[in-house]
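Note that the sequence shown covers residues -35 to -1, 1 to 190 in mature numbering (1 follows the signal peptide of the UniProt record, and there is no 0).
Hints were generated in silico from the structure; no laboratory data involved.
Check each hint, because a few of them may be wrong.
As a list, the in silico DSSO-like pairs of lysine-lysine whose alpha-carbon atoms are at most 27 Å apart [said to hold, decoys possible]:
| hint | residue 1 | residue 2 |
| --- | --- | --- |
| 1 | K90 | K108 |
| 2 | K21 | K129 |
| 3 | K90 | K129 |
| 4 | K129 | K35 |
| 5 | K35 | K21 |
| 6 | K129 | K99 |
| 7 | K108 | K178 |
| 8 | K108 | K129 |
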Amino acid sequence: MRTGRDTDSKERSKLLRMEILVPVILLSLWKHGQAQSCQATAYSQFNHKIQGHVIKTHSAVKSSLQCTEKCELHADCYSINYCFSQGVCELNNANHLTNPESLVYSAGCHYLNYILRAVPICSNKLCSYPLVCKVDNNEQGHKCVPCEDVKEVMSFPRKSVQDKVELELQADVQLTAFTISMWVQADPNTDEHSLFCYGTVSDADEISVYLTKVYTVLEIADTME
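Just need the whole structure built from these sequences, with the hints factored in.
This is the structure we're talking about:
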């Protein structure tokens, strides 16, 4: 004979099993999706690491997945070095596209590119001269294109000195001419804006363009026009 108390107990047991089972299934599906995504698009190298670009080091990290999660929380992290034999996780502010020469052999370490944060530039060392490197965000890789085909539109909505573009030329590249086109909406509450600056080894402000409320300044080698 089944009592009402027995029936209620069995029903509660079924509900409890369902509450446990559903999160486990969802977690399993999420991990499977993450693994498939990484396998399809990530670039990684076992027994390798990026050298000279570590911005943060974590110890006692149990997996490369945990290391990747730490990279996600750091805005300047573009790749990781996970040395599994030591449980050391290193976050890098560069990757194999920006600094291919820094990807070196390192036994027991796993280099992994962070695919959810694309780098803004790639190294011309990946291309044969006179082609230059352009980041291909759709493929998480790079393209080698003629210099005249490298066209970018950039927007800086914040009023901050942190919003800028730095272009570092290779030592063997001779710059004879360049063209820059820009549209500027200046802040009326700011007296002076620095629009462009070209620096050399001997002079950090070889060419500068400043904008004020009433005039524009072009300064070349400390000569104002």
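Fill in: Agreement of K129 and K99 with the hint, judged by alpha carbon distance not exceeding 27 Å
18 Å, holds
Discussion item. Next pair to validate is K21 with K129; report whether the Cα-Cα distance is within 27 Å.
Written reply: Distance of about 23 Å is within 27 Å: holds.
Discussion item. For a C-alpha distance cap of 27 Å, please report whether K108 and K129 respect it.
Written reply: 23 Å, holds
Worksheet item: Within 27 Å, alpha carbon to alpha carbon, are K35 and K21?
Response: 10 Å, holds
Fill in: 27 Å Cα cutoff - pair K90, K108
Satisfied, since the Cα-Cα distance of roughly 12 Å is no more than 27 Å.
Practice prompt. Verify the proposed pairing of K108 with K178, using a straight-line Cα cut of 27 Å.
Written response: Between K108 and K178 the Cα gap is close to 41 Å, so the pair fails against 27 Å, i.e. violated.
Discussion item. Checking one constraint from the list: CA of K90 to CA of K129, max 27 Å. Satisfied?
Written reply: Given that 27 Å is the threshold and the Cα spacing comes to 23 Å, the pair holds.
Worksheet item: Are the Cα positions of K129 and K35 separated by 27 Å at most?
Response: 26 Å, holds
Against the hints set out earlier in the document, a violation occurs for number 7 only.
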